[in-house]
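Q: Here is how the chains run, residue by residue.
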Amino acid sequence: MIKQLSLAVVLLGAAGLPLQVPAEDVVSLRGHSEITAPDQAPELKHYAKDGQPIERDYVQQPPLIPHKIDGYTIDINANKCLSCHSWKNYKEARATKISQTHFEDRDKHVLANVSARRYFCTQCHVPQVNEQPLVGNTFEPVTGISGQ
Amino acid sequence: MSNKETSECTGLICRTWEFLKSPSVRYSLGALLAVGFVAGIIFWGGFNTAMEMTNNEEFCISCHEMEDNVYQEYKDTIHYSNRTGVRATCPDCHVPKEWQHKVVRKIKATNELLHKALGSIDTAEKFEEKRLTLARNVWRTMKATDSRECRNCHNFDSMDFTKQGRRAVALHSTGLEEGKTCIDCHMGIAHRMPDMRDEDPTTALGTN
Chain A
15 MIKQLSLAVV
25 LLGAAGLPLQ
35 VPAEDVVSLR
45 GHSEITAPDQ
55 APELKHYAKD
65 GQPIERDYVQ
75 QPPLIPHKID
85 GYTIDINANK
95 CLSCHSWKNY
105 KEARATKISQ
115 THFEDRDKHV
125 LANVSARRYF
135 CTQCHVPQVN
145 EQPLVGNTFE
155 PVTGISGQ
Chain B
5 MSNKETSECT
15 GLICRTWEFL
25 KSPSVRYSLG
35 ALLAVGFVAG
45 IIFWGGFNTA
55 MEMTNNEEFC
65 ISCHEMEDNV
75 YQEYKDTIHY
85 SNRTGVRATC
95 PDCHVPKEWQ
105 HKVVRKIKAT
115 NELLHKALGS
125 IDTAEKFEEK
135 RLTLARNVWR
145 TMKATDSREC
155 RNCHNFDSMD
165 FTKQGRRAVA
175 LHSTGLEEGK
185 TCIDCHMGIA
195 HRMPDMRDED
205 PTTALGTN
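Residue numbers (the numbering used here), protein chains in the order written: chain A, 15 to 162; chain B, 5 to 212.
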């Protein structure tokens, strides 16, 4: 924490600001608080229960998960996601099927089932919370795939 | 039933039978009925009380096979801890509520005592090896009874589809009409899933 603060001071100095910034003027994303003060736990965010598929924003973006995944276990025995999203089950579950790319190993050999490197869905696919981003940005979805 | 003559009767069982067979000469019919009535209440009440004592979570997890494996997994799930504070304990899902089905289940459960004595699943490795078989037993039962124990709490007629998510509405409104039952989709909700490679290889790892 101290290291980060001092780094921030150095960076501000490099940006042409006075080097001597009083500690109380430095405001982190968490708001102003004494370093020694106990951290206030942020409000818990709740994932949306269910929704329509979410548009992709850039090429090769892993599609976002438009529903809650609480308690969905992925382990060596079974993958809860695939119980709906596998090629065998997607029709009955009315889910999106997983991409064909997920059957390739790293040498591009096509396998008969989901490749081990693509088995852990939540490494790339994540559910969403409807919240304001902590840091503003000017990102614009690419026009070619946004459908807008 | 003994066909022996009374004069030949010397054995304990035979003599007891003869005693029970002959009418009472000492007690009035009323007294016998009254005693029988009270004894019946005590016996019946005692029987059911004893059966209920085997029907709670502490009893279920009093053997380490249950406590170390399935109970630990269940503690992470919504049936153990949730926003409304309603908990479904082991017997709520695994023992029928209706008396006649409950007694049958309890008699079947004596088989579990045998396997406790044999030590069939007394290590984590043994349990893991048997997990698919054990899970299939539960799935089969649930299918056969139309998920009767689920429906003690989750009554299909009481479900408000407008309060459900779009995935749930789509599948509940068609699947259940088609004759599917809860366990067809809701597997592994209170315990970890077994190795699914033999059951549905498309949902498991390592079948390349």
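No lab work stands behind these hints: they were computed from the structure.
Keep in mind that the hints are not guaranteed to be accurate.
[As the list claims (entries may be wrong)] Here are the simulated lysine-lysine pairs, DSSO-like style, with alpha carbons at most 27 Å apart:
1. A:Lys82 x A:Lys105
2. A:Lys94 x B:Lys134
3. A:Lys105 x B:Lys120
4. B:Lys79 x B:Lys112
5. A:Lys82 x B:Lys184
6. B:Lys106 x A:Lys94
7. A:Lys82 x A:Lys102
8. A:Lys122 x A:Lys111
9. A:Lys94 x A:Lys105
10. A:Lys63 x B:Lys184
11. A:Lys111 x B:Lys79
12. B:Lys167 x B:Lys110
13. B:Lys130 x B:Lys147
14. B:Lys106 x A:Lys63
15. A:Lys59 x B:Lys112
16. A:Lys94 x B:Lys79
17. B:Lys184 x A:Lys102
18. B:Lys79 x A:Lys63
19. A:Lys105 x B:Lys79
20. B:Lys184 x A:Lys94
21. B:Lys134 x A:Lys102
22. B:Lys101 x B:Lys130
23. A:Lys82 x B:Lys79
24. B:Lys120 x B:Lys134
25. A:Lys105 x B:Lys106
26. A:Lys102 x B:Lys110
27. A:Lys94 x B:Lys120
28. A:Lys82 x A:Lys122
29. B:Lys130 x B:Lys120
30. B:Lys120 x B:Lys106
31. B:Lys130 x A:Lys82
32. B:Lys147 x A:Lys94
Predicted, not measured: the structure shown is a model, and the values here were computed from it.
Q: Going through the earlier hints one by one, which of them does the structure break, listed in rising order?
A: 3, 6, 11, 12, 14, 15, 19, 22, 25, 26, 27, 28 and 31
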